[in-house]
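Engineer: What follows is each chain in one-letter form.
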Amino acid sequence: MKKNMNKSRLMFGLAATGCALGVTLPSSVRAAVSDEDFNALKALVQQMNGKLQSLQQTNQLDQQVIQQLQQKLNETQQTAIDAEQKSAAAVQAQAQPMPRMPLDEATVNRNFQILGDAEFQYVNADHQNGSFLLADFAPIFLYRGGDNILFEAGFDTTLQNTAPTGAGAMTSFDLSFAQLDYVMNDYLTLCAGDLLLPLGTYSERGAGWLNKFPDDPLAVDALIPGSGIGAELRGAMPLGDAGKLLNYAVYGVNGPSSADGTGNAGALDLGGNVGLRSDGVVANLHSNPSGGGRLAVFLPFKPRYDLELGVSGMFGDWDNAGNHLWTAGVVDASLHLGPNFEAKGEYILTRFGSDDLGLIQQQGWFVQAGYKLAGLNLELPGVNNLEVVGRYDSLRDGMGNTTDRCTLGYIYYITSALLFEGDYEFIHSTDPTQPATQLILQLSYGF
Amino acid sequence: MITHMKIIHQAKSSAQNVLAAVIAAVLIGGLASALYADELQAAARVTTNSVNQNSVARDNAKAASHYKLSGAELYSIHCNRCHAERYPTERTAAQWKTIMLHMQVRANIPGNQARLILQYLQENSGR
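The listed protein sequences correspond, in order, to chains A and B.
Note that the working numbering gives residue 282 to position 282 of the first sequence, counting from 1, and the numbers run on in steps of one.
Counting from 1 along the second sequence, just add 1000 to a position and that's the residue number in the working numbering.
Where hints are given, some of them may not hold.
Calculated cross-link-like contacts (lysine-lysine; reagent style DSS-like; alpha-carbon spacing at most 27 Å) [to be verified]:
hint, chain 1, residue 1, chain 2, residue 2
1, A, Lys72, B, Lys1068
2, A, Lys51, A, Lys72
3, A, Lys302, B, Lys1068
4, A, Lys302, A, Lys244
Bear in mind the hints are in silico, worked out from the structure with no lab data behind them.
The shape of chain B in the complex, shown without the other chains (with noise of 0.2 Å):
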C-alpha cells in the first residue's frame, strides 16, 4: 500500500515537472514567436509606401518565408548556436573542408546548407 502510495506520489511529482517544463517552452516560444512577428512587421513598415500595409505586410511575410539563405547568412546562424563566430580567415580552404564536415554531424546541418557555408568559407579562408 504504502509502495503503491509512493509511486502515485513521483507520477504526480513527475507530472508537475512535465507540466513546468512544457510551460517554460512555451513561454519562450511565445516569446520568439513575438519577436518575429515584430521583425515582420518591422520590415513592412521599411518598405511600405502603400496605403494598403495589411497587403505589404502579407507579401513581405510571404517572400522572409521564401527567403533562400546566402552561405554567409547560414555561416551567422548556424555558428552563433554554440559559439562566436571565427573569422574565415583562421584556417585554409582545406581545413575548412574538414571542419565544415565536423559540424555538418555535430550541429545536424544538412548537407545542402554545409555546402553553401563551405563555399563562403573557402571564398574567404586564410589562403
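So here's chain A without its partners, still in its complex pose (with noise of 0.2 Å):
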C-alpha cells in the first residue's frame, strides 16, 4: 500500500514539473522544441496523468480495505474480552459451593417419613402346590419432632386364605413395634412403646431386605419374643477413637404370658400380654412384668471390617399366678471382612416353669454367611450382582420335638436395595407338619 503511494507521488511530480517547465521556460526554449517532442510530451504526460487516476481509484479502495480490517479486528478484541470475562465468571462461579437445601428446611424441627420394605414370594414346598404370596408389606413410619426426639411405628400387613375354613381371602395387619424415642444424651436414649426386644440382634436387624434369607431363623421365631411393651434405655460408648463401641440396652416390659391363664407348658404365649384385655380392662395378666438388657462390643478395625460379640437376656413371670419364671439367654455375633463377606450368628437357650411338664429348656441356634461374588472380579455378565448364601439353623423346643434345617441360596442384586432371592431348603424334623424341602423365591425391596 505505501508502495503505490510513493508512485503516485513520483508520478505527481513529475506531471507538475513537465508544466512548470512549460510554463517558465523562455520563448527561444520554447521555440527549440520540435512539434513532434511536445506531442510525445503530452502522450506522456495524459498516459502519467491516467496512471496517476487509475492509482487514485486503487488507494481508494486499500482504503475501504483498511478501514474494513480495523472494524473487524475491532470486533475481534471485543469478543476477547467478553469471552475472558465470562471464564473469570465462571471460575469464581465454580470456587463457591453449589446451593444446597437451604438452611431453615434442612434444619426444620419437624419432619415425617416412609422407610419400609416389601416382599412378594413365591414357595414350593414338599408336598403341596407351589403358590405366589404377598409374604409382606412393612412400612415404617418416622416422626421427628426434634433433634432428639422421633416417634417410630411398624406395620406388617399380609394376605392370606380364609381357607380352609372359608371362602375369600383376608388381611392382616399387625404392629410389629411403635416408640418413642428421646435422645437424653450422645449416650444415653429413653424408648417407651411397643418395642422391639435386643435379644440378640435379629429382631431389629432381620426385617425384609436386610434380612439374606426369605425366612427367619426357626429359634429367632419360636423361642424368644420380637416385641414387648415397656420402656428402655439403651445407648453406646464409644472405647477409643478408632469407631469401637460398648453397646448397652436394659428395659422393662410386660413380658410373656399365659394364653389360657394356666401354667401348661402348651399356653405359654411370648407374643401377648399387650395391657389390654379383650374385655377393656387394663391389667398385666401376671403380677410381675419382665427385665432384661444387652451388652455387646462392636469392633471396627476399618470400614466394612468389623466383629460385634453380645450377649443378652431376659426374664420374668409367665402363667397368671405368677408361679413359674421364664427365662432366655442369647449369644450373637457378627463378623464382616470386607464388603463382600458376612457372617453372623446367634445361640438362643430358654427355660421356663411348667405346671405339667415341669422345668423345661429350649435351645436353637442359627449360623449364616454370604460371600458377594464381586470380590473375585469375575468380568462376567451378572456375576458382579450375586451373592451366595448359605444358613444352617437348628431348634430343640423342649417338649420331644428338633428341627434342624440347612438353607443354600443367592441373591441377585438389581439394584443395591432391590434383591431377587432364591433358597432351597433342607428340613430333617421329628414333627410331621414340616416339610422335608421347600423352594422360595422372593423379590424384596427396602424403601
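Starting from the two chains in their separate frames, assemble the complex, guided by the hints.
Structural biologist: Here it is, written out as C-alpha cells:
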C-alpha cells in the first residue's frame, strides 16, 4: 500500500515538473522544441495522468479495505474481552459451593418420613402345590419432633386365604413396633412403647431386605419374643477414637404370658400381654413384669471390617398365678470381612417352669454367611451382582420336637435395595407337619 | 429323685451349650484379631523405609489406635453392620436428619458419631 502511494507521488511530481517547465521556460527554448517532441511529451503527460487517476482509485479501494479490517479487528478484540470476562465469572462460580437445601428446611424441627420394605414370594414346599404370595408389606413411619425426639412405628401387612375354614381372603395388619425415642444425651436414649427387644440382634436387624434369607431362623421365631410393651434405656459408649463401641440396653416390659391363664407348658404366649385385655380391663396378665438387657462390643478394624459380640437376656413370670419363671439368654456374633463377606449367628437358650411338664429347656441356634461374587473380580455378565448365601439353623423345643434345617441360596442385586432371592431348604424334623424340602423365591425391596 | 436327676442333666446340657457358644465366640474373635494384626503389619510394611521395622510397626499401631474417623468412614462402618450402604443422593438433607435419628437409636450409634455421619450425608445429599 505504501509502495503504491510513493508511485503516485512520483508521477504527480513529474507531471507538475513538466507543466512548470512549460510555463517558465523562455520562448527561445519553446521555439527549440519540435512539434514531434511536444506531442510525444503531451502523450506521456496524458498517459501519466491516466495512471495517476488509476492509482488514486486503487488508493481509495485500499482505504476501504483498511477500514473494514480495522472494524473486524475491533470486533475480534471485543469478543476476546467478553470471553475473558465470562471465563473469570465461570471460575468464580465454580469456586463457590453449590447452593444446597435451604438452611431452615435442612434443620426444620419436624419431619415425617416413610421407610420400610415389601416382599413377594413364590413357595413350593414338599407335598404341597407351589404358590405366589404377598409375603409382607412393612412400612415404617418416622416422625421427628425435634433434634432428639422421634416416634417410629412399623407395620406388617399380609394377605392370606380364609381357607380351609371359608372362602375368600383376608388381610392381616399387625403392629410390629411403635416406640417414642428421646435422645437424652450422646450416650443414652429413652425408648417407650411397643419395643423391638434386643434379644440378640435379629429382631432389630432382620426385617425384609436386611435379611439375606426369605424366612426367619427357626429359633428366633419359636423361642423369643420379637417385641414387648414397656420402657428401655439404650445407647453406646465409644472405646477410643477408632470406632470401637460398647453397646448397652436395659428394659422392663410386660413379658410373656399364658394364653389360657394356666401354667401348662403349651399355653406359653410370647407375643401376648400387651396390657389391655379383650374385656377392656387394663392389666398385666400376671403380677410381675419382665426385665432384660443386652451388652455388646463392636470392634471395627477399618470401614467394612468389623466384629460384634453380644450377650443378652430376659426373665419374668409368665403364668397368671406368677408361679413360673421364664428366662432367656442369647449370645450373638457378627463378622464382616470387607464389603463382600458377612457371617453372623446366635445361640438362644430359654427355660420356663410349667404345671404339667415341670422345667422345660429350649434351645436353638443359627449361623449364616454370605459372599458377594464381586469380590472375585470376574468379568462375567451378572456375576458381580450375585451373592451366594448359606444358613444352618436348629431348634429343640424342649417338648420332644427337634428340627434342623440347611438352607442354600443366592441373592441377585438388581439394585442395592431391590433383591431377587432364591433359597432351597433341606429340613429334618420330628414334626410330621414340616416339609422335607422347600423352595422359596422372593423379590424384596427396601425403601 | 428322677426330677433331681433331670435337673442335673439339664444343667450339664446347659453348661455344654454355653461352653460351645463361648468357644465359637473365641474362634470368631481370634480370627478377627488375627486379621486386625495382619492389617496393621501390612500398613507398617507399606510405609516402612527404616531398618527398625518393629518401631515403625509400633508407631503405626499407636497411630491407628488414635485415628479420628471421618463422617464418610463412620458411614461405611455403621451402615454395613446391617445392610448395604445407600447413596447419600437418595434423600434430602432434611430426610437424612430424620433417618439418622432413627439409625442412631436402632444401631446404637453415639451422638457425636451420628452427627459426623449426618454432616457427611447432608453435604452429599440429593439437594
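Engineer: Need the status of pair Lys302 (chain A), Lys244 (chain A): alpha-carbon distance at most 27 Å?
Structural biologist: With a Cα-Cα distance of about 10 Å, the restraint between Lys302 (chain A) and Lys244 (chain A) holds, given a limit of 27 Å.
Engineer: Does Lys51 (chain A) pair with Lys72 (chain A) here, judged by a C-alpha cut-off of 27 Å?
Structural biologist: Given pair Lys51 (chain A), Lys72 (chain A) is violated - Cα atoms ~31 Å apart, limit 27 Å.
Engineer: Is the Cα-Cα distance between Lys302 (chain A) and Lys1068 (chain B) 27 Å or less?
Structural biologist: It holds: about 12 Å lies between the C-alpha atoms, which stays within 27 Å.
Engineer: Measure nothing beyond the straight line between the CA atoms of Lys72 (chain A) and Lys1068 (chain B); if it is 27 Å or shorter, mark the hint as holding.
Structural biologist: 62 Å, violated
Of the numbered hints stated above, those contradicted by the structure are hints 1, 2, listed in ascending order.
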